[in-house]
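Q: Residues per chain are reported as follows:
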Amino acid sequence: AQSVTQPDIHITVSEGASLELRCNYSYGATPYLFWYVQSPGQGLQLLLKYFSGDTLVQGIKGFEAEFKRSQSSFNLRKPSVHWSDAAEYFCAVGANKLIFGAGTRLAVHP
Amino acid sequence: NAGVTQTPKFQVLKTGQSMTLQCAQDMNHEYMSWYRQDPGMGLRLIHYSVGAGITDQGEVPNGYNVSRSTTEDFPLRLLSAAPSQTSVYFCASSFFQGGGKDGYTFGSGTRLTVV
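Protein chains in written order, with our numbering: chain A, 1 to 110; chain B, 1001 to 1115.
Next comes chain A alone, as it looks inside the complex:
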């Protein structure tokens, strides 16, 4: 069955610290992978996507993600977190239909 697991429900980091949000997936074929961010009461904003090619993907707002096929993972990283990055982050996999993880809520301490 297709599934996405985001093991961390809540993460708190200090402003300026590095960040890694974990995502593991189960998918029968070569996956299309996505990371979205959502601020409270808002819609979904695409941070980055991976379809093929270079396994290190650069996105918006200084985020990057690395696709590791052997580990079925697509972890999101940012070298230095800003207070405005506080939001909920969703990993998703799929093509004509998306399977989402449950999300990771990020809090940033000043």
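Don't take every hint at face value.
[To be verified] Cβ-Cβ distance ranges computed for the label pairs, FRET-style:
hint, chain 1, residue 1, chain 2, residue 2, range
1, B, Asn1028, A, His109, 26 to 36 Å
2, A, Asp8, B, Val1088, 33 to 43 Å
3, A, Gly41, B, Pro1083, 17 to 27 Å
[Stated by the list, open to error] Taking lysine-lysine and the BS3-like style, the derived pairs with C-alpha atoms no more than 30 Å apart in a straight line are:
hint, chain 1, residue 1, chain 2, residue 2
4, B, Lys1009, A, Lys49
5, A, Lys49, A, Lys61
6, B, Lys1101, A, Lys49
7, B, Lys1009, A, Lys61
8, A, Lys61, B, Lys1101
9, B, Lys1101, A, Lys68
10, B, Lys1009, B, Lys1101
11, A, Lys49, A, Lys68
It is worth saying that the hints were derived from the structure and are not from the lab.
Just so it is clear, CB atoms sit at the ideal spot from N, CA and C, and this is done for glycine as well.
Fit chain B to the supplied structure of chain A, relying on the hints for placement.
A: Showing chain B alone in chain A's frame:
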């Protein structure tokens, strides 16, 4: 291009009432899908369509109907609303042909409360 347009943005229903959430896209995308978002559960797929006249069930289809008579429109119908259907609903269209524009476009969501 407007992208994906969802209406209404907010709706309050009484238990047992019916309503249709509208979704329209102007990008000529073949794929469209509906999701509901509940706290702690991410977004879950309700129904999806791979083209006009073709629909299929997702993870949580019970209580919802869909049809796809045109490429542009993919309405979601609640035949008899229940409090368990209180949620935020997102419609999306998608395009995958191996190019840089591949991916999803989401609507801004409909916040539905069933009392």
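Q: State for each hint whether it applies.
A: Taking the hints in turn, this is what the structure says about them:
Look at asparagine 1028(B) against histidine 109(A): about 46 Å separates their beta carbons, and that is not inside 26 to 36 Å. Checked against the hint of 33 to 43 Å, the pair aspartate 8(A) and valine 1088(B) fails, with Cβ atoms roughly 22 Å apart. Evaluation of the 17 to 27 Å hint for glycine 41(A) and proline 1083(B) yields a pass: the beta carbon distance comes to about 21 Å. In summary, the hint linking lysine 1009(B) to lysine 49(A) is supported, as the alpha carbons are separated by about 27 Å, within the 30 Å threshold.
With a CA separation close to 14 Å, the supplied pair lysine 49(A) and lysine 61(A) stays within the 30 Å bound. Proximity of lysine 1101(B) to lysine 49(A) is assessed by CA-CA distance (about 11 Å); at most 30 Å being required, the pair is judged to hold. Our distance criterion of 30 Å between C-alpha atoms is met by lysine 1009(B) and lysine 61(A), whose separation comes to about 28 Å. For the hint pairing lysine 61(A) with lysine 1101(B), the CA-to-CA distance comes to about 19 Å; that is within 30 Å, so the pair holds.
As the CA atoms of lysine 1101(B) and lysine 68(A) are separated by approximately 23 Å, the hinted pair is consistent with the 30 Å bound. For the suggested pair lysine 1009(B) and lysine 1101(B), the alpha carbons sit about 27 Å apart, so the restraint of at most 30 Å is met. Our distance criterion of 30 Å between C-alpha atoms is met by lysine 49(A) and lysine 68(A), whose separation comes to about 14 Å.
Checked against the numbered hints above, the structure breaks hints 1, 2 and satisfies the rest.
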